[in-house]
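A.B. asks: As a plain string of letters, each chain reads:
2 protein chains.
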Amino acid sequence: MKQIHAFIEERRLDEAREALLELHPREQGELYLSLNEGERLFLYEILSPSELGDIFEHLSDNEREDFLDELDETYSAMMLNEMNADDAADILQLVDEAKAERIFAKMQQDGATELRQLMNYEEETAGSIMTTEFVVLKSTERVSDVMTHLRDEAPNAETIYYLYVVDEVGKLAGVISLRDLIVADPSEFIEDKLNKKVVSVDVSLDQEEVARIIKKYDFLAVPVVTNDNHLVGIITVDDILDVVDEETEEDFGEISGARGSMNTKLSSFEAARARAPWIIMLMLFGLITANVIGFFEETLETIVLLAAFIPMIMGSAGNTGTQALAVVVRGLAVGTIDRSRFFYIIKKEFGTGALLGITCALTMLIIIPIFYDSFIIAAIVGTSLFLTLCMATVIGATIPIIINKFNIDPAVASGPFITTINDVIGLLIYFSIATSMLQYL
Amino acid sequence: MKQIHAFIEERRLDEAREALLELHPREQGELYLSLNEGERLFLYEILSPSELGDIFEHLSDNEREDFLDELDETYSAMMLNEMNADDAADILQLVDEAKAERIFAKMQQDGATELRQLMNYEEETAGSIMTTEFVVLKSTERVSDVMTHLRDEAPNAETIYYLYVVDEVGKLAGVISLRDLIVADPSEFIEDKLNKKVVSVDVSLDQEEVARIIKKYDFLAVPVVTNDNHLVGIITVDDILDVVDEETEEDFGEISGARGSMNTKLSSFEAARARAPWIIMLMLFGLITANVIGFFEETLETIVLLAAFIPMIMGSAGNTGTQALAVVVRGLAVGTIDRSRFFYIIKKEFGTGALLGITCALTMLIIIPIFYDSFIIAAIVGTSLFLTLCMATVIGATIPIIINKFNIDPAVASGPFITTINDVIGLLIYFSIATSMLQYL
Numbered sequence: 001m002k003q004i005h006a007f008i009e010e011r012r013l014d015e016a017r018e019a020l021l022e023l024h025p026r027e028q029g030e031l032y033l034s035l036n037e038g039e040r041l042f043l044y045e046i047l048s049p050s051e052l053g054d055i056f057e058h059l060s061d062n063e064r065e066d067f068l069d070e071l072d073e074t075y076s077a078m079m080l081n082e083m084n085a086d087d088a089a090d091i092l093q094l095v096d097e098a099k100a101e102r103i104f105a106k107m108q109q110d111g112a113t114e115l116r117q118l119m120n121y122e123e124e125t126a127g128s129i130m131t132t133e134f135v136v137l138k139s140t141e142r143v144s145d146v147m148t149h150l151r152d153e154a155p156n157a158e159t160i161y162y163l164y165v166v167d168e169v170g171k172l173a174g175v176i177s178l179r180d181l182i183v184a185d186p187s188e189f190i191e192d193k194l195n196k197k198v199v200s201v202d203v204s205l206d207q208e209e210v211a212r213i214i215k216k217y218d219f220l221a222v223p224v225v226t227n228d229n230h231l232v233g234i235i236t237v238d239d240i241l242d243v244v245d246e247e248t249e250e251d252f253g254e255i256s257g258a259r260g261s262m263n264t265k266l267s268s269f270e271a272a273r274a275r276a277p278w279i280i281m282l283m284l285f286g287l288i289t290a291n292v293i294g295f296f297e298e299t300l301e302t303i304v305l306l307a308a309f310i311p312m313i314m315g316s317a318g319n320t321g322t323q324a325l326a327v328v329v330r331g332l333a334v335g336t337i338d339r340s341r342f343f344y345i346i347k348k349e350f351g352t353g354a355l356l357g358i359t360c361a362l363t364m365l366i367i368i369p370i371f372y373d374s375f376i377i378a379a380i381v382g383t384s385l386f387l388t389l390c391m392a393t394v395i396g397a398t399i400p401i402i403i404n405k406f407n408i409d410p411a412v413a414s415g416p417f418i419t420t421i422n423d424v425i426g427l428l429i430y431f432s433i434a435t436s437m438l439q440y441l
Numbered sequence: 001m002k003q004i005h006a007f008i009e010e011r012r013l014d015e016a017r018e019a020l021l022e023l024h025p026r027e028q029g030e031l032y033l034s035l036n037e038g039e040r041l042f043l044y045e046i047l048s049p050s051e052l053g054d055i056f057e058h059l060s061d062n063e064r065e066d067f068l069d070e071l072d073e074t075y076s077a078m079m080l081n082e083m084n085a086d087d088a089a090d091i092l093q094l095v096d097e098a099k100a101e102r103i104f105a106k107m108q109q110d111g112a113t114e115l116r117q118l119m120n121y122e123e124e125t126a127g128s129i130m131t132t133e134f135v136v137l138k139s140t141e142r143v144s145d146v147m148t149h150l151r152d153e154a155p156n157a158e159t160i161y162y163l164y165v166v167d168e169v170g171k172l173a174g175v176i177s178l179r180d181l182i183v184a185d186p187s188e189f190i191e192d193k194l195n196k197k198v199v200s201v202d203v204s205l206d207q208e209e210v211a212r213i214i215k216k217y218d219f220l221a222v223p224v225v226t227n228d229n230h231l232v233g234i235i236t237v238d239d240i241l242d243v244v245d246e247e248t249e250e251d252f253g254e255i256s257g258a259r260g261s262m263n264t265k266l267s268s269f270e271a272a273r274a275r276a277p278w279i280i281m282l283m284l285f286g287l288i289t290a291n292v293i294g295f296f297e298e299t300l301e302t303i304v305l306l307a308a309f310i311p312m313i314m315g316s317a318g319n320t321g322t323q324a325l326a327v328v329v330r331g332l333a334v335g336t337i338d339r340s341r342f343f344y345i346i347k348k349e350f351g352t353g354a355l356l357g358i359t360c361a362l363t364m365l366i367i368i369p370i371f372y373d374s375f376i377i378a379a380i381v382g383t384s385l386f387l388t389l390c391m392a393t394v395i396g397a398t399i400p401i402i403i404n405k406f407n408i409d410p411a412v413a414s415g416p417f418i419t420t421i422n423d424v425i426g427l428l429i430y431f432s433i434a435t436s437m438l439q440y441l
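Chains as they are written, first to last, in full-length UniProt numbering: chain G, 1 to 441; chain X, 1 to 441.
Please keep in mind that the hints were generated in silico from the structure rather than gathered at the bench. Just so we're clear, the structure is a prediction, and the values are computed from it rather than from any experiment. Where hints are given, some of them may not hold.
Identical copies go unnamed one by one, so any copy, or any two together, can satisfy a pair.
Stated by the list, open to error - Capping the alpha-carbon separation at 25 Å, the derived lysine to any residue pairs in SDA-like fashion look like this:
#1 K193 x D373
#2 K265 x V136
#3 K196 x F417
#4 K193 x F350
#5 K193 x R40
#6 K2 x F269
#7 K171 x S200
#8 K193 x A157
#9 K405 x A276
#10 K171 x E249
#11 K405 x L266
#12 K216 x S144
#13 K171 x M391
#14 K197 x R142
#15 K2 x L266
#16 K138 x N229
#17 K196 x L23
#18 K265 x N229
#19 K193 x E101
#20 K2 x N407
#21 K197 x S436
#22 K193 x R102
#23 K171 x E15
#24 K99 x T74
#25 K171 x S144
#26 K265 x S340
#27 K216 x E27
#28 K193 x E153
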């Protein structure tokens with residue numbers, strides 16, 4: 001790598017080019033990312049659009065973003081012509097519409113049409129992540145014929161390990177793996193070796209569901225069809241690995257209220273701007289809690305010690321709620337929680353909360369009298385803990401399920417939000433009980 | 001599915017068998033999981049060990065666990081003989097040692113030896129997830145010869161899409177994809193088509209790192225070698241999808257303090273038992289917070305209103321800390337945060353915390369005087385918020401990085417734990433400032 005850097009710095013064209021192309025495209029990409037602008041401009045001169053396309057195919061969207069404006073539009077068009085359609089579409093999504101139109105005009109006609117179609121599919125659906133470069137067979141071909149024309153198609157197809165068979169009108173009729181083809185007798189007909197029970201996904205299916213299907217069947221690729229079963233694309237497993245990362249990041253943002261600031265490349269200022277709305281909103285929510293406590297000021301004045309247990313009540317409510325939330329968000333993501341079993345999950349989390357509540361209450365009933373010499377305060381804290389924990393698990397589990405069911409903005413299911421709700425409920429319970437027992441204190 | 005259930009209930013052997021085997025093994029697995037014990041015993045009678053093995057290959061470890069004891073040991077041994085070595089090893093890990101030994105004794109000699117070796121690799125390493133069924137070529141073969149003997153090997157190999165080439169002593173010399181083979185001239189030698197810059201992983205490499213490599217290069221499989229470069233196995237992308245799920249679950253447990261209770265099949269009691277240690281420990285920690293507040297009882301008695309802002313200080317500290325934690329845990333998992341850049345990350349999070357702190361402080365300096373008619377309390381709350389938020393982001397980011405660097409028990413990096421630390425610090429700051437400003441109140 002160091003040597004290539006030196007070659008580029010010294011503008012030694014042939015040596016730089018040769019050394020670079022010896023690397024795996026992903027490693028070329030890492031080198032590319034480490035260059036400064038002047039060096040990158042030099043690279044565009046020594047690499048063909050197709051070679052740069054190989055590099056771009058192995059970059060993530062975040063990595064691609066910064067460099068598109070450096071590329072000449074004709075060069076961009078030539079590069080996109082040569083790339084896998086799904087990656088090319090992803091890249092074009094990153095530039096503004098006017099520029100995309102100018103690039104389209106410079107591209108090969110059918111490539112541009114294909115890309116336009118791909119870019120029309122809604123984000124996070126099967127259509128938006130599929131590629132249109134796949135091998136299609138006819139069921140009347142012989143195995144030996146297929147092996148011959150596969151040679152011509154192999155270099156351009158995203159995968160040749162699954163071959164899809166369509167009928168006369170383009171409807172998906174079956175699939176055959178290259179493994180089955182190799183084992184088959186060359187004189188056999190595709191018709192007879194075909195697996196007709198092919199699992200396919202609808203072009204509008206959510207990408208998370210596509211990932212679930214690929215994982216479930218251990219597929220290397222899955223065909224994408226329209227609602228009348230026309231084959232329009234395929235999704236390969238390497239794209240699914242990216243989808244899984246993307247979805248996990250969303251879930252992480254959800255649990256922690258850090259949505260929008262998960263990208264580690266953000267500056268302090270950008271990160272603060274992304275996180276601030278949450279923090280400020282929850283702080284203003286904290287004012288509600290302040291009012292709740294203010295409302296019980298008289299109780300608190302009578303026995304100031306009550307304030308000491310505020311953090312414990314709040315903390316326990318927050319922690320149990322977050323645990324329940326994490327289990328449910330993750331279960332929904334991997335499909336082990338079925339949202340139709342809503343009441344079953346709620347019942348179970350209530351049970352868990354009750355058991356945790358009893359345990360915590362008993363612990364405090366023993367400990368508080370020892371340290372604070374007051375059975376009444378122990379009873380107040382214990383009862384509050386029990387009731388609060390029962391509520392907290394149920395709220396932690398309910399909110400993400402409701403969100404998932406009604407497609408409300410999932411930010412509402414974030415950990416901090418649920419914690420804040422649980423805080424308010426916990427403190428209301430605590431001070432209500434304390435106030436009603438004030439006469440015994 | 002319903003029909004097969006009916007066939008099984010009515011013990012109609014041939015029909016049940018035929019209808020079942022028409023399904024994809026994963027769907028057979030789902031049907032299998034829906035049966036009761038009597039029906040499963042019937043299934044073992046009508047399916048050959050190899051057919052049941054196909055089903056078990058598509059079950060997850062959680063799903064497999066319950067049924068092993070129902071299988072006759074001879075039948076188990078025959079089934080394991082027929083299965084992929086990595087899945088067979090995973091299954092044998094689930095039974096006790098004595099039983100595993102009895103099954104080994106009934107297996108084919110070399111299969112058993114291979115399994116024993118696989119089971120010796122440490123958990124969560126490349127060795128523990130690799131399979132030993134791969135196709136090995138010699139560089140002196142011709143393409144046409146390979147295509148011929150591939151036919152015999154295809155049915156037993158985990159993948160035939162990447163073919164590995166070893167030298168005379170078994171050291172990894174290169175890789176060639178089936179795609180390249182198909183495009184190549186049949187008379188060419190493997191030697192000339194071989195990719196010698198093959199990316200391999202060490203048998204002891206952590207599975208998370210293996211996943212990172214497969215994702216980075218978009219591989220379908222990666223070869224596993226010993227430290228002297230002997231090829232001992234391969235890891236395929238479908239296993240990596242499982243690894244990614246497993247690791248994400250660990251990270252989720254870490255952020256939420258729900259480690260060990262992420263499995264949604266646990267009963268309320270099991271879930272409560274798994275979560276209770278955390279909740280109780282953190283509640284006892286809450287006693288420390290109670291003591292902190294108790295220590296400032298005099299301040300609090302002078303001005304009871306201070307108690308009202310305890311939840312806001314705590315909540316804001318907890319929320320900002322959790323955000324920083326989520327970003328860092330995720331960044332470490334996907335490799336975008338490099339632990340060598342420790343100080344850079346800390347500096348950035350400190351900056352983010354300071355910006356959030358200023359914003360929150362200013363908001364409170366405006367709002368509190370309006371609602372509570374006290375500039376002094378506004379100043380106390382504002383200053384405390386600013387200092388607390390600076391600390392909270394740094395603590396949220398520092399602890400997971402330290403953990404990752406020194407391999408301490410990662411449970412210490414859990415969200416609730418960090419939140420509790422931030423609570424204590426936040427309240428100490430708040431009451432210290434309040435006490436020192438008491439004279440102006």
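A.B. asks: If you test the structure against every hint from before, which numbers come out violated?
C.D. replies: 1, 2, 3, 4, 5, 6, 9, 10, 12, 13, 15, 18, 19, 20, 21, 22, 23
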